[in-house]
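Colleague: Here's the letter readout for the chains.
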Amino acid sequence: MTEPADAPRTPQPRRRSRDQAARRARLARDKATGPSRARAAPPPVVTGVLLARRASKSYSDLVALAPLDLAVAPGERVALVGHNGSGKSTFLRLAAGLLELTSGAIEVAGYPVGAPEARAALSFVPDNPVLYDDLSVREHLAYIASLHGVDASEEQLNELIAAIGLADRADDLPARFSRGLRQKAALAVGLVRPFQVLLVDEPFVGLDVPGREALLRLLDEAHAAGAAIVVATHEPSYVERVDRCLALRDGRLIHDGPTTPDEVVRLVGDQAYAPGA
Amino acid sequence: MFTADPDADLEYSLAEWRRWRTRRRIAELAWIDALYHAELTGLACAVAFYALAGVIGGAALSASQMADVSRTGDAWLGLAAAVALAVGLRSGSRGGPLVLEQADVRHVLLSPVDRRRALLGPALRQIRFQLFVAACGGLAVGFLAAHRLTGSTAGWMASATAFALATVALAFGAALVASSLRLPSWAGTALAIGLVAAAAADVAGAIPASPTAPWGRIGMWPVQPAAPGIVAVAISLVVLGAGLARLGRVSLESAERRSRLVGQLRFAATLQDVRTVVVLRRQLALELPRLRPWVRVRVRGTERRPVWRRGLRGALRWPAARVGRLVLLGVVAGLALRGVWAGTTPLLALAGAALFLAGLDATEAMAQELDHPSLTDSVPVTPGSLRVRHLPVAVGAMALVAAVGVAAAVLVEPATGALELALVCAPAAALAGVAGAGASLVAVPDPVEALLMPPEVTGAYQAFRIARPLVLAIAGTLPVLAARAADGAGGPAVAVAGTATLAVAAGFGVFVAWLRSREALQKALQAAVNPRKENRP
Chain Y
16 MTEPADAPRT
26 PQPRRRSRDQ
36 AARRARLARD
46 KATGPSRARA
56 APPPVVTGVL
66 LARRASKSYS
76 DLVALAPLDL
86 AVAPGERVAL
96 VGHNGSGKST
106 FLRLAAGLLE
116 LTSGAIEVAG
126 YPVGAPEARA
136 ALSFVPDNPV
146 LYDDLSVREH
156 LAYIASLHGV
166 DASEEQLNEL
176 IAAIGLADRA
186 DDLPARFSRG
196 LRQKAALAVG
206 LVRPFQVLLV
216 DEPFVGLDVP
226 GREALLRLLD
236 EAHAAGAAIV
246 VATHEPSYVE
256 RVDRCLALRD
266 GRLIHDGPTT
276 PDEVVRLVGD
286 QAYAPGA
Chain A
23 MFTADPDADL
33 EYSLAEWRRW
43 RTRRRIAELA
53 WIDALYHAEL
63 TGLACAVAFY
73 ALAGVIGGAA
83 LSASQMADVS
93 RTGDAWLGLA
103 AAVALAVGLR
113 SGSRGGPLVL
123 EQADVRHVLL
133 SPVDRRRALL
143 GPALRQIRFQ
153 LFVAACGGLA
163 VGFLAAHRLT
173 GSTAGWMASA
183 TAFALATVAL
193 AFGAALVASS
203 LRLPSWAGTA
213 LAIGLVAAAA
223 ADVAGAIPAS
233 PTAPWGRIGM
243 WPVQPAAPGI
253 VAVAISLVVL
263 GAGLARLGRV
273 SLESAERRSR
283 LVGQLRFAAT
293 LQDVRTVVVL
303 RRQLALELPR
313 LRPWVRVRVR
323 GTERRPVWRR
333 GLRGALRWPA
343 ARVGRLVLLG
353 VVAGLALRGV
363 WAGTTPLLAL
373 AGAALFLAGL
383 DATEAMAQEL
393 DHPSLTDSVP
403 VTPGSLRVRH
413 LPVAVGAMAL
423 VAAVGVAAAV
433 LVEPATGALE
443 LALVCAPAAA
453 LAGVAGAGAS
463 LVAVPDPVEA
473 LLMPPEVTGA
483 YQAFRIARPL
493 VLAIAGTLPV
503 LAARAADGAG
513 GPAVAVAGTA
523 TLAVAAGFGV
533 FVAWLRSREA
543 LQKALQAAVN
553 PRKENRP
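In order, the protein sequence lines correspond to chains Y and A. The first sequence begins at 16 in the numbering used here and counts up by one. The second sequence begins at 23 in the numbering used here and counts up by one.
For reference, chain A alone in the conformation it holds in the complex (with noise of 0.2 Å):
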């Protein structure tokens, strides 16, 4: 047995053992990787900074304009700031921002080495990273920014950049407080959404100021008094400070789960692997399954149509949790719907990733299906006829999901035949949303379709397979476009949004026969592409 020396410097191990590795991981560092992934970077900025000119714009306001941006700028820069300490909440109460080697928490935090000695580096350099990306995005955002707005560029690009660093260090410090605190999931939701919800009242011009106007302020300090962002960035540096101070009190069992899911979530990110982030996601979330469903459905031994049983039986075992999200999804979708009906077009890929997202919850038993193929083939149908028996409860739940969102748009502003139009849009939103997440589930990479397709155009075909579900899924919002139209020229809006809706049904219906013959289809192209193959034993 060893022993211990009880006056050893611990922490002074601790960072000199982290100082050697960090010298030999340079020792052994590949330059010419590096380089590569530094020149990645730097072109990745500079298109991030085109495409920012492009969207800011280069002509000067009017001095009408100049003064609606006077008036409500820091309104809509308090929702940036709102929506950033959102995610710093709900990042703390799962157990964030940290995010550790999956051997320290294991080896250094069940040591006896003091908790917040030695979690100070790894949150230094994660806050240390983050100001320097905000500090970037300040500078560019301002740079540009000063073109069109009167003032100094000088001013704007202080005042950027103050915000961006205020907003992110306040954000890094509310999740280290929630962490600290153990700040329960529920709780850091509600407060997320109540913030965010403040943040949408004021820019609408519903309440006189929101919580996070404050640091909207700092953003418009070269035409708006500086007082409310001083203090603004006081309560940030105070909030950081708290956060950093607290470091100790972490929860190993939420650091631990985190730096074994992070990991893979980012890998499965930079994949495109949309089903294992959110496998990853609701892990992290620790969403489970209820263990007594909603509605307890008996089982009498073998029965008829088990798949769609099966789906129904799964959907009433989900967890409070996800039928929150849906809710939330389907009055995001039909508040969007009605943004573009009142003609704010944009809306449209709002309302769609809304419908995308909610049908990545409502096909979770056809996701189940596509996470086992050994059990999938071990059945005796077709994968394709599998596929398509999971569709009408997922329909189902997308039925609710589109009926909250009748609702939601309905109520917001009622006006005559409101109703009546959202009734006719509401299936095409539902069936858009399952085509739309049936699509990315089965979206593995196809080398037969990748060899049809010119080199010059593989990019291109790339990023449109990667886009191709949520088109689908924004596709669902055309009624309401058609309405619009329809509306707009006098004509029956009602009628033809009940035409578009029968057109994306029919739309639907080739998504089922491609869901079905998926395979088959593969194979002929397979045949067509190289004849001989198939023949070969």
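Isolated chain Y (complex conformation) (with noise of 0.2 Å):
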């Protein structure tokens, strides 16, 4: 698709004035409970960039995921190996604030999982893209950057979207895409603004050889950007490019630590984990 000749141009970003600015850290100030009050508190000291503390999730009676403690560090890249419905999904779901905990709390960079600080720190790539019908691949960059601050040019918007693979359908509709190029949008959208922990989903999943290349070449720029990196895969071998792997079954922790991609076949014990299945 390509952009009308009489088409509106897109928006620009704008900085604040230096009155709104001030009103708004005075908002934050006085504002006394919920999320903003850490916009106006320092920030803890905190172990790790991503904080679990008995973080659960139940429906009704079924225990989506068992009390879980956890500390990723900064600049730390984690895989999260499970069988389908062993709370995978559900952790990173909560992490990014799109489920409720059933109780114990998350930090990410010190805030509570939700508080604005914590939503620009952390970046969600979720495994069932979900993206605008009327943008296109570009315009969805250049909204999401606009949403977290990045004044970005089009030279840098034309290099993560040649890097992810997309260059020649970047004025495409997404909505009209395979659910391989759907997921390479979905990434380029998780990237194109600053975050200190990344969290993704089942991302090798519809994509191809080059694509998994562009992907892996992605997440290992973004860690050596100092940002942590957590991977939820059925993809045995990613493993052994991280350096921790977390297992999860029935919504339980059983494995914390480096591993091989044998030790996760048997650690999971799912013939699913085979490599090439």
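Hints are computed from structural coordinates only; laboratory data are not their basis. In this text, all values refer to a predicted model and were calculated from it rather than measured experimentally. Treat each hint with caution, since some may be false.
To be verified - Facing chain Y, from chain A, some residues (calculated, C-beta under 10 Å):
(1) 29
(2) 30
(3) 39
(4) 46
(5) 87
(6) 204
(7) 278
(8) 314
Virtual Cβ for every residue (Gly too), placed ideally from N, Cα, C.
From the two separate chains plus the hints, produce the assembled complex.
Modeller: Quick look at the structure:
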């Protein structure tokens, strides 16, 4: 899809005036309750950029995630493995703030999940991409970047689009994409903004070989820039690239530490984890 | 890696992008289609106005009738306000009333943009539309009612409009507050039932005034003191303001679930796909089967009568909400039929609707079978036979619903012979509820039937096809009507009711035969309509 000649120009970002910035800071200080309290308070001293304290999630009498304690250090690479229904996606969605905790707490960069600072520090790429029907890939990137206060140049956006392998589809609507292309667009959206923690759910599903290589390269770049990366995957070989592997079974953490692909298959005990499956 | 400007005005960016998207949507709008939709909406409004005029009537009320309206009008309007408020509370306790774009939940609400300001636009758009519709409805009702009531036309129009606006603002605001407080679903339902019950008691004269009676006073301004109504308007505005102020505390989990399901729900509703509406509504309310059944029935290998055992196991996992709903529907059907017996014939429709809705829950196992046709086709049993084998459990469940109805009908006003009559009428109600729901489940558009219809009656046939399940369910209430007629004529009410129940049971037999051989009948009709096509390879 090409932009019509008379199409309105996409909006440009704007900085707050000094008055607005001061008012915003005052409002943040004045708010005594809820997430905005964290905005005014200085960040507490934390041992991890992503902290879970007895975090759990239940649906009625179904326990999706048993109380979980976890700390992910800045710059750490973590693989999250487990059966279907073991609680991987539930944990990632809890950390992103898309699900509400049944008990316990999760902090991102020292702020409770859901606080504006936590939202600014965490990027979540889900396994089921949800994108706007009326925005092209390039427009998506410009939009999401502006929502995070990023003033990205056209060259920077083009670089990201090319890196993810969507250069020739940048002006097309993702609503008409295949599953794999939508996954690529969602990854680009997740990477177009700053973050200290990147959560990626099943990123390899539906991706072709060049797409996988591009993804691994981009994850390495994010890691090199100091971000903590948590990837939920069914790809046993991926654990060789990480510092730490967390294995979940029936919502419980059964392993936390370095591991190998064979060990993953033994831990999870599922033929679905056999290489090539 | 990208870096953020800490002083970037995120809310301004969001607003600008939203304006940009709106401008582009308008630029790409197909004006002919939009005008066509506007014309259809105008026609629908004209038809609704005409129908409303028929319902309200045109003859001026007598002095005694006007006195009745003045005395009880606020209670009736209070009941309407209670129903609206109940809908709002139930919606709020399930994450409503906002319906957001799913991508907005993922991208806007997960960004550091101020959530209250991000949600204010969609919330104001939604309430603006609802207030507009309420104002139009209020003006129309006020205009028509003024012809029958004493007082100025302008006064009644203003009064009805103010009532509609205040009620909508209250319901919407209450929904927002309930949502921001994360009111549990059961609490929302309990509050809703309490409010409607109190307003109904006010209408019946059992209590002096219900909590929503002041809203009724708004609609009676031309003939009643204004003070309570003014207080009600003020409360509505405060509740709406509180709801808008707490917008930022929305639950993302509920918002995402709603954004995903509500669009599908509306689409299914426009297609009159009752089963899909039921399934999506359950998902919206998180109505999941129990992990632990109420009573555990052990599986001992391969069993005889697997279909009805499967139905029984499914019923034993019904969540408490569904059991509660069935009890409530049983009570509604029982009370409505008691009202029919007392002379209010239109309550037949309410009883039939309650039985139909209960039937939709009772026939869940059969519905699941129809939801998975590839599974059904893979077993060596004809689909019709399989459907019929699901009926015993459904009839059993509806028998329990009918028993609740019997208890409600008898206890509301104990009388000699009431229990006997109710027990005779109950089986017909149970069977008709199952038949109505069953007909709805298998009521896919039938091209052969459509072919047989002359083009002039196709529209009427489609209307009949849609109404058929409800008509079947209402048929189950006929024994009450027959008994009332016999009683009025001094005949044996119970005996007549028994005969009518037998007639309904015979009708249920016909329904079972139709359910069993539906495909064969369709094939026979197809062959009769187009015999050559049948012989094609």
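Colleague: Quick check on residue 278/A please, does its C-beta sit within 10 Å of some C-beta on chain Y?
Modeller: With a minimum Cβ separation of about 6 Å from chain Y (threshold 10 Å), the hint on residue 278/A holds.
Colleague: Please verify that hint: residue 204/A, Cβ, nearest Cβ of chain Y, below 10 Å or not.
Modeller: With a minimum Cβ separation of about 8 Å from chain Y (threshold 10 Å), the hint on residue 204/A holds.
Colleague: Does residue 29/A meet its interface restraint, that is, does its C-beta lie within less than 10 Å of any C-beta in chain Y?
Modeller: holds, 5 Å
Colleague: Please check whether residue 39/A passes as an interface residue: C-beta within 10 Å of a C-beta belonging to chain Y.
Modeller: The hint holds - residue 39/A has a Cβ within 10 Å of chain Y, the shortest such distance being about 5 Å.
Colleague: Return the status of the interface hint for residue 30/A: holds when the least beta-carbon distance to chain Y is below 10 Å, violated otherwise.
Modeller: At 3 Å from the nearest chain Y Cβ, residue 30/A passes the 10 Å test, so the hint holds.
Colleague: Would the hint on residue 46/A be counted as holding, given a Cβ-Cβ threshold of 10 Å to chain Y?
Modeller: holds, 6 Å
Colleague: For the restraint on residue 87/A, tell me whether the closest CB of chain Y is nearer than 10 Å.
Modeller: Interface hint status for residue 87/A: violated (52 Å vs cutoff 10 Å).
Colleague: Would the hint on residue 314/A be counted as holding, given a Cβ-Cβ threshold of 10 Å to chain Y?
Modeller: This interface hint holds because 7 Å falls under the 10 Å limit.
The structure does not agree with numbered hint 5 stated previously, though it agrees with all others.
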